[in-house]
Amino acid sequence: MREEVKQIQQMLEEQIYIADAAIATALYLSTVLGKPLLIEGPAGVGKTEIAKALASAMQTRLIRLQCYEGLDATTALYEWNYPKQLLHLKLEESSSASETEKEAMIFSEAFLLKRPLLQAITEHERAPVLLIDEIDRSDEEFEAFLLEVLSDYQVTIPEIGSIKATHRPYVVLTSNRSRDLSDALRRRCLYHWIDYPSLEKELEIVRAKVPAINADLAKRVTEVMQATRTMSLSKIPGVAETLDWANALVALKAPELNEEIVAETLGCFLKDESDVAAFKAELPRICTDV
Amino acid sequence: MSDLEVEKLIVFGRELRAHGLSVTPAEVVTATTALQIIDTTDREEVFLSLRSILTTSIDDFAIFEDVFKRFWNSSHSLSTSTAVRIQTQAPRQTSKGLGFFLENWSNSFAAGAQPVKVPGASDTKSATEKDFSEFTNEELEEVSRLARRMVRRLARRPSRRWRPVKRGHRVNLRRSLRLSLKTGGELIELAYKERRPKRTKLVVICDVSGSMDIYSRLLLQFIYGLQNSFAKVESFVFATSLARITGDLKNKTYKRALDRLSSNVHGWSGGTRIGASLAMFNEQWLRRIDKRTVIIILSDGWDTGEPEKLAASLSLLKRRAGRIIWLNPLLGSADYAPVTRGMQAALPFVNVFAPAHDLASLRALEPHLVL
Chain A
1 MREEVKQIQQ MLEEQIYIAD AAIATALYLS TVLGKPLLIE GPAGVGKTEI
51 AKALASAMQT RLIRLQCYEG LDATTALYEW NYPKQLLHLK LEESSSASET
101 EKEAMIFSEA FLLKRPLLQA ITEHERAPVL LIDEIDRSDE EFEAFLLEVL
151 SDYQVTIPEI GSIKATHRPY VVLTSNRSRD LSDALRRRCL YHWIDYPSLE
201 KELEIVRAKV PAINADLAKR VTEVMQATRT MSLSKIPGVA ETLDWANALV
251 ALKAPELNEE IVAETLGCFL KDESDVAAFK AELPRICTDV
Chain B
1 MSDLEVEKLI VFGRELRAHG LSVTPAEVVT ATTALQIIDT TDREEVFLSL
51 RSILTTSIDD FAIFEDVFKR FWNSSHSLST STAVRIQTQA PRQTSKGLGF
101 FLENWSNSFA AGAQPVKVPG ASDTKSATEK DFSEFTNEEL EEVSRLARRM
151 VRRLARRPSR RWRPVKRGHR VNLRRSLRLS LKTGGELIEL AYKERRPKRT
201 KLVVICDVSG SMDIYSRLLL QFIYGLQNSF AKVESFVFAT SLARITGDLK
251 NKTYKRALDR LSSNVHGWSG GTRIGASLAM FNEQWLRRID KRTVIIILSD
301 GWDTGEPEKL AASLSLLKRR AGRIIWLNPL LGSADYAPVT RGMQAALPFV
351 NVFAPAHDLA SLRALEPHLV L
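One line per chain: the protein sequences are A and B, in this order. Numbered according to our numbering, the first sequence spans residues 1 to 290. Numbered according to our numbering, the second sequence spans residues 1 to 371.
To be clear, the hints were calculated from the coordinates, so they are not data collected in a lab. Where hints are given, some of them may not hold.
Mimicking BS3-like on lysine-lysine, the simulated pairs with C-alpha atoms at most 30 Å apart in a straight line are [unchecked claim]:
no. : chain 1 : residue 1 : chain 2 : residue 2
1   : A       : K209      : A       : K52
2   : B       : K201      : A       : K84
3   : B       : K193      : A       : K114
4   : B       : K166      : A       : K102
5   : A       : K90       : B       : K166
6   : A       : K84       : A       : K114
7   : B       : K291      : A       : K35
8   : A       : K84       : B       : K166
9   : B       : K193      : B       : K166
10  : B       : K232      : A       : K6
11  : B       : K69       : A       : K35
12  : A       : K114      : A       : K209
13  : A       : K102      : B       : K193
14  : B       : K250      : B       : K318
15  : A       : K6        : A       : K253
16  : A       : K201      : A       : K219
17  : A       : K280      : A       : K201
18  : A       : K90       : B       : K8
19  : A       : K114      : B       : K182
20  : A       : K201      : A       : K253
21  : A       : K90       : A       : K52
22  : B       : K182      : A       : K90
23  : B       : K201      : B       : K291
24  : B       : K201      : B       : K232
25  : B       : K193      : A       : K6
26  : A       : K84       : B       : K291
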């Protein structure tokens with residue numbers, strides 16, 4: 001394995017992110033080749049965490065753009081600061097400045113509200129990590145717009161002109177696959193898939209993220225979670241839920257897992273009424289089996 | 001990097017393409033760059049790197065792994081197998097099929113409010129629960145009305161995007177400020193914006209083969225209702241092959257629409273070839289389908305063609321469409337399970353699988369039509 005890939009793995013581990021060779025390689029290629037990294041996988045497996053860990057490992061800023069349906073350029077890129085513009089016009093009322101001068105004034109950078117994409121491009125100290133979270137929730141118009149920004153890291157604001165990136169941001173996109181992304185966007189990105197972790201990896205994550213937990217309990221929690229994921233549930237709990245649960249058990253000072261404690265705390269990892277019912281039916285089996 | 005390795009990568013890319021992955025030259029170029037910056041003696045690292053570059057979805061992983069394994073172990077003897085896809089045209093049989101049904105429908109329609117089947121059934125069951133197979137012509141009208149109402153509500157649904165308008169309730173500040181410059185910064189003239197209406201398009205593909213006989217007449221009425229509303233609707237019927245009936249249904253009375261259908265649609269067989277019909281649809285209409293399109297397929301899933309063909313057509317369609325809804329009238333009966341080969345092949349690609357045997361089930365469809 002190449003030294004740099006190992007380094008990335010170590011750096012991430014220092015940020016308490018348990019990275020395997022696949023994700024370390026993908027991040028290495030993404031940073032060196034300057035290509036965005038598209039990470040897909042089920043909810044709650046730590047897709048967003050990768051970007052956070054990467055940012056703190058590289059000691060740079062994390063700029064996050066949360067996608068949603070109807071997200072458009074004014075929320076993603078920039079917006080004019082209207083109250084400030086109005087106030088300025090009021091103050092300038094008695095001045096002799098011409099209309100064009102006034103216009104140039106209020107449509108200048110001082111009146112620009114930078115949204116995540118513009119922030120990421122104009123960050124001057126060092127390249128930030130730009131996290132475009134849940135891109136599958138935005139609509140296709142936005143995807144096309146994003147593609148344009150990601151292809152040359154340059155945006156055009158009609159009133160000001162083109163703004164080119166001072167540093168190319170490290171771009172991480174995440175998707176839950178709630179809809180298919182366009183081929184064009186996929187092609188532009190490197191691709192990485194994260195699945196639910198294996199028992200060993202999940203145990204490692206629990207022990208790293210919840211250091212207060214005792215070894216036995218951590219193992220039992222992980223085993224129950226792994227067993228839960230094999231059931232046919234409408235919302236399969238992710239690693240985030242495992243950690244919530246482990247934290248809850250530590251806070252409750254639960255010495256061990258028994259049926260009673262599991263039943264009391266299962267709200268930490270089951271978020272659906274019918275799932276809770278299905279789980280409770282299996283509870284004795286799960287508690288004795290593992 | 002040696003030319004040999006570049007060449008190897010190009011062949012590798014070609015091999016992936018032959019197995020159905022869409023690898024572009026640009027990606028191969030990226031891959032060659034990547035090989036220069038990774039440890040090429042580490043097989044795992046080469047594998048992970050190339051996979052992250054040359055695949056675009058987890059669906060590609062299995063194929064990639066397979067090809068990679070064969071390729072990197074025996075990198076010299078590469079089979080030059082290119083997937084040759086032989087398109088088999090479904091043999092067209094001619095029989096009285098749909099034309100026959102249509103003539104009968106028209107006749108029974110003209111004959112007035114006479115029960116289609118099981119006289120007196122309406123006395124015991126309420127209209128919403130009654131199976132379509134027992135409907136009277138008056139109740140058919142209700143189906144049409146329901147369809148129109150549903151689509152009208154759809155067309156009014158606002159999206160989350162804005163558009164500038166002359167008069168509205170929300171002020172468009174950006175424009176207003178620009179306008180105010182004319183009056184020295186005084187906001188006199190206001191510009192407005194409003195939510196863009198959601199433009200959902202509907203494509204309805206209805207099975208009119210023999211097995212669907214008792215339902216198709218109702219469903220066609222439903223489609224007629226959909227077609228004659230404000231929304232963008234395209235409708236098709238199929239048995240062994242596909243026919244577009246949008247024009248036949250539009251802006252006419254139901255009676256005249258049926259007349260036109262029976263005179264315009266010929267050469268149908270009583271059998272069903274869903275796969276071939278959908279493949280035909282894809283061939284001619286796929287480029288018109290986008291993520292704003294909801295596709296409704298009305299069929300009982302009895303397919304005499306190849307289930308693989310159905311699966312392939314549906315998977316293609318699913319990638320382009322916003323949602324695929326499969327309405328199966330048989331699903332309304334308690335002892336029905338979708339075990340036919342066709343239905344089994346179709347299910348993985350269907351977003352919503354629902355019954356369509358009574359008014360209540362059609363009404364329940366509405367939330368699914370909103371993207």
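Quick rundown of the hints versus the structure:
1. A/K209 x A/K52: With Cα atoms ~14 Å apart, A/K209 and A/K52 stay inside 30 Å; holds.
2. B/K201 x A/K84: Roughly 42 Å separates the two Cα atoms, so the pair is violated.
3. B/K193 x A/K114: holds (22 Å)
4. B/K166 x A/K102: Since the Cα atoms of B/K166 and A/K102 sit roughly 26 Å apart, the hinted pair holds (cutoff 30 Å).
5. A/K90 x B/K166: Distance ~26 Å between A/K90 and B/K166 Cα, so the pair holds.
6. A/K84 x A/K114: holds (14 Å)
7. B/K291 x A/K35: Distance ~26 Å between B/K291 and A/K35 Cα, so the pair holds.
8. A/K84 x B/K166: holds (25 Å)
9. B/K193 x B/K166: Answer holds: B/K193 to B/K166 is near 8 Å, not above 30 Å.
10. B/K232 x A/K6: violated (55 Å)
11. B/K69 x A/K35: Given pair B/K69, A/K35 holds - Cα atoms ~26 Å apart, limit 30 Å.
12. A/K114 x A/K209: Not OK: A/K114 and A/K209 at ~34 Å, beyond 30 Å, violated.
13. A/K102 x B/K193: holds (25 Å)
14. B/K250 x B/K318: holds (27 Å)
15. A/K6 x A/K253: violated (37 Å)
16. A/K201 x A/K219: Answer holds: A/K201 to A/K219 is near 11 Å, not above 30 Å.
17. A/K280 x A/K201: With a Cα-Cα distance of about 26 Å, the restraint between A/K280 and A/K201 holds, given a limit of 30 Å.
18. A/K90 x B/K8: Roughly 68 Å separates the two Cα atoms, so the pair is violated.
19. A/K114 x B/K182: holds (27 Å)
20. A/K201 x A/K253: holds (24 Å)
21. A/K90 x A/K52: violated (43 Å)
22. B/K182 x A/K90: holds (14 Å)
23. B/K201 x B/K291: It holds: about 9 Å lies between the C-alpha atoms, which stays within 30 Å.
24. B/K201 x B/K232: It holds: about 5 Å lies between the C-alpha atoms, which stays within 30 Å.
25. B/K193 x A/K6: violated (53 Å)
26. A/K84 x B/K291: violated (39 Å)
Checked against the numbered hints listed earlier, the structure breaks hints 2, 10, 12, 15, 18, 21, 25, 26; every other hint is satisfied.
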